[in-house]
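A.B. asks: Each chain is listed here by its residues.
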Amino acid sequence: MTLRPLPSNICRFAGCTLTGALSVTTHVRDAITVVHGPQGCTHHNFSLLHATSLDNDRIALPPLVSTGLSETDVIFGGEGALDRTLDTVIARDPGAVFVLSTCIVDTIGDDVGMVCGAKAGVPVIVVPTAGFLGGSFQTGVNNALIALAGMAGPADRNGGVNIIGEKNLEYEVEENFAEVSRLLALLGLSVNIRFVHDLATDHIASLGAARLNILRDPSLIPVGESLKERFGTPYIPAYPVGISGTVAFLESVADTCGIDCRHAVEEEHTLRQQTLDDFADLAGAGISFTPLPPDPEGSRVAQDIAQAFRLDVTSSGCPVPVPVTPPVGIIGVRRLLHRWRRALHA
Amino acid sequence: MPECETPLWPCAMTGAAACLAGFEGISVVIHGSSGCYYYPATLLHAPLHGTFILENEVVFGSGDRLREVIGDLSGKGGRIAVITTCVPSVLGEDIKSMLDGTDVILVDSPGFAGELETGYRAALAVLAPTTDPERWGVNIDGVSLSDPFYEGNVQEVSRLLHCAGIPVGTVFCRDWSEMAGHAAPLTMGTNDDFASGVGKYLGGTLGIPALRATFENLSTAYEGADADPVLAELDVQEERVIHACDKYLRRYDPPGVAVFAGTAYALFAADTLKQYLDAEILAVGTRNDPLAAPAGQYPVEKLTGLEQVARKIAEVSPDLVIGSSFERSVSGDRTFVGIIPPLRGRVRLAHPPLAGTGGTLHFIEEVLNACMDKKT
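Protein sequence lines correspond, in order, to chains A and B. At position 132 of the first sequence the residue is numbered 132 (my numbering), and the sequence of numbers has no breaks. At position 160 of the second sequence the residue is numbered 1160 (my numbering), and the sequence of numbers has no breaks.
What the hints contain is simulated information worked out from the structure, not anything from laboratory work. Backbone N, C-alpha and C fix where the C-beta goes; we use that ideal spot for every residue, glycine too. Treat the hints with caution; some may be incorrect.
[As the list claims (entries may be wrong)] To give an idea of the chain B side of the interface with chain A (calculated C-beta under 7 Å), a few residues:
1. Glu1005
2. Gly1035
3. Tyr1248
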C-alpha cells in the first residue's frame, strides 16, 4: 500500500536499484554476485528471484553471497567484511565476481571500489547500486548492463544481433524473446547474445561483434548509447509492441542493417490479417481497462488493439486485463486477445 | 555476522512487521526505502505502509517525510507503528522525539540487528502485552504472518480449546490490538520460535505427545476445563496415523530424511517422522538459533544459506527433504514436502495446520503421499 504517490515523488515507488542489478547479474551462469550489506537485503532479493525463476522454469540460480554486515560492521565499517568475503569467493575461481552495494553501505561510506580494486585472479566488477540511494530498479538494470559490458573488448563483426536488457523478472520473458527471434529470422538475421539472459561469462566477449543491438524498451537507451559509443553498434530502442509494431520493427531493423524487407513485411501483413480474422467475433463487444496500466504506453497500445478489433472501450464495459508492459509482437497481441475473449465469456 | 551464501531467512525488520501487522487496529509503517517495503509486503500479505525515503531525506533528514506519512494515517482509527530499517536506524535522528505528542509505537528493528525472530520479539516487547487475571480463556501464541501455516494453526488450536470448553484468549500475534493488553493468564503455543512469553505457558501443540501433555496441563491449571474430549480425539487420530504409517511400512522402507526449518517446526517434523514412520533423520538444519539446545536424538545445526543446505543434502543423500521451495530447488528428484516459507510452485488455497491434531494428520498425509507418489 502506498501513500499519496505525488507525481513529484513518483520515484519513491520506482523500486530498488539492487533488485534491478541482481536481475541482470544472476543471469551470468558461472559468476558469483556479492551483495555488500546485511543478510536481509540478499534474502529479500533472492526470495524474489527464486519466485520469478520458478515461474520461468529456471530452478537453480548462481550463488548470491552476502557480506552479512552486523551492527558492529555498521558502526566500525564494513570494508573488512567485504574484503574477507571477496577472498572466499575468489578462491572458488568463478568466471567473474560482481559486487553490489546496499543503502546502508553507502550511508556508512564504505569504499567498495578500493576494496575490489585490490583483488586479482578473476574479474571483480563493481556495479554501482545502493538501494534507494542509487536510483530506481531501472537504474540498477542499466548500471549492471553497462558495468558488465566493460568485460567485452573489440571484436570482429559476425552479422548477429544482440538482445539487450531483457526483463528477466517478466513472466513472458522467453515468449517475448521468441517473438523477436521470429521477426529477425524473417529478415535472415540470428541472435548473437542475449545480454544478459542465461549467459556464460566468456560469451560477454562477443558483445561488440553484433551488427545491431535491440533494446527491450526505451528505458535502456543509456545502455544503447553506451554500447554505440564503445563498439559503434547501432540500436533499435524497443521491442515491437501492439498490432502495428511488428511491421514498423521489421522496417526499422532492415533499414539499419541494409536488408530488403519486402518479403518479411508481406508475411507479417498476412499474419496480421489472419489475427484480425481469428478474433473477428470480438467486434462490437464493450470492454473497459480497469485498472489502467501505470505506463501510458501500455494504455495507448491497449486502445490501439481495441480499435483494430473494433471493440468498444467504455467505462461500463466488461473489465479486461491490461498487462503492465504492452504485448510484444503479433503473437503477444494474440495471447492478450485470448485473455480478453476469456473475460468476455466469463 | 559472517558472510553467507544465499541467505534463506528474512531479517529483523520483516520479523517486526510480521508481529505488528498481525494486530488489527495497528497501521504499520516501514520507515525506509521502497526495497525494504516490498519484501515484507509480499511475504506477509498484510496492508503495510511505507515512507519510501529518498536520498535527499537521508542527507537532510527524514522527519518531514515520516510526519507526512503519519499525518496521512492519523485520524483513520487505530494506532500507528513505525518500524525503522537499516538506514534510518543509523542516521542518528531522534525519531522518538519526532513522534512526541503522537500515539505512535516505535520499533527500532533494522535488518542488521538480526533475523526474523529477533525483530518479532523486539516488536512484541515494545507492545508490552500484559495479562488480565479476570480474562477467561487460554491465549494462543507462536503465530507469525510469515508462517504459511499460521491461519490453519489458529483455527485448529481454537477448535481444540473449544472441544475442551475453553474460550480463546489473545492470539499472539493475530488479534485485535487492544487484546494484547488483556491477555488471559494461560498460554499454549503453536510455534516456540515465536513464543510470546505472555502468561503461564501450558506447552506446545506441535505433535501428538506435546498436545497430550499440554491438554493434561490445561485440565489441572484451568478450573472447569474438560480436556477429556481432546485426549480421546488424540487417541483416535493417533491410531489413524499409526495405521497409515504401518501400511506404508508393509511395502516400503522408511525414508532417510533431511529437515530444514525454524527450530520448532524442524524438531516437530523430525520427531513425528521418527516416531510414526521409523524414519532415519539424517540431518536437521535450522534457520534460526534455537532458544534452548534441542535435546533430540538427531544432529541439529544452524544452516542459513542455500549452498550450505545443498552441501548437506548432497552429503547425507536423503530420500525425503522437508523444507521450503529453496530446498526443493537444490533437491533434484528427491521427494519433497514443504513446511516453511517460501512454498513456491504450488497452488495453496486452503489453510492446513501443522499444530494440533489436524497438523500432525496433515503433515503425515503430505509425507506419505509424496513418498508413495515417488515410488509409483
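A.B. asks: Hint by hint, which ones does this structure get wrong, listed from lowest number up?
C.D. replies: Hint 3 contradicted; others consistent.
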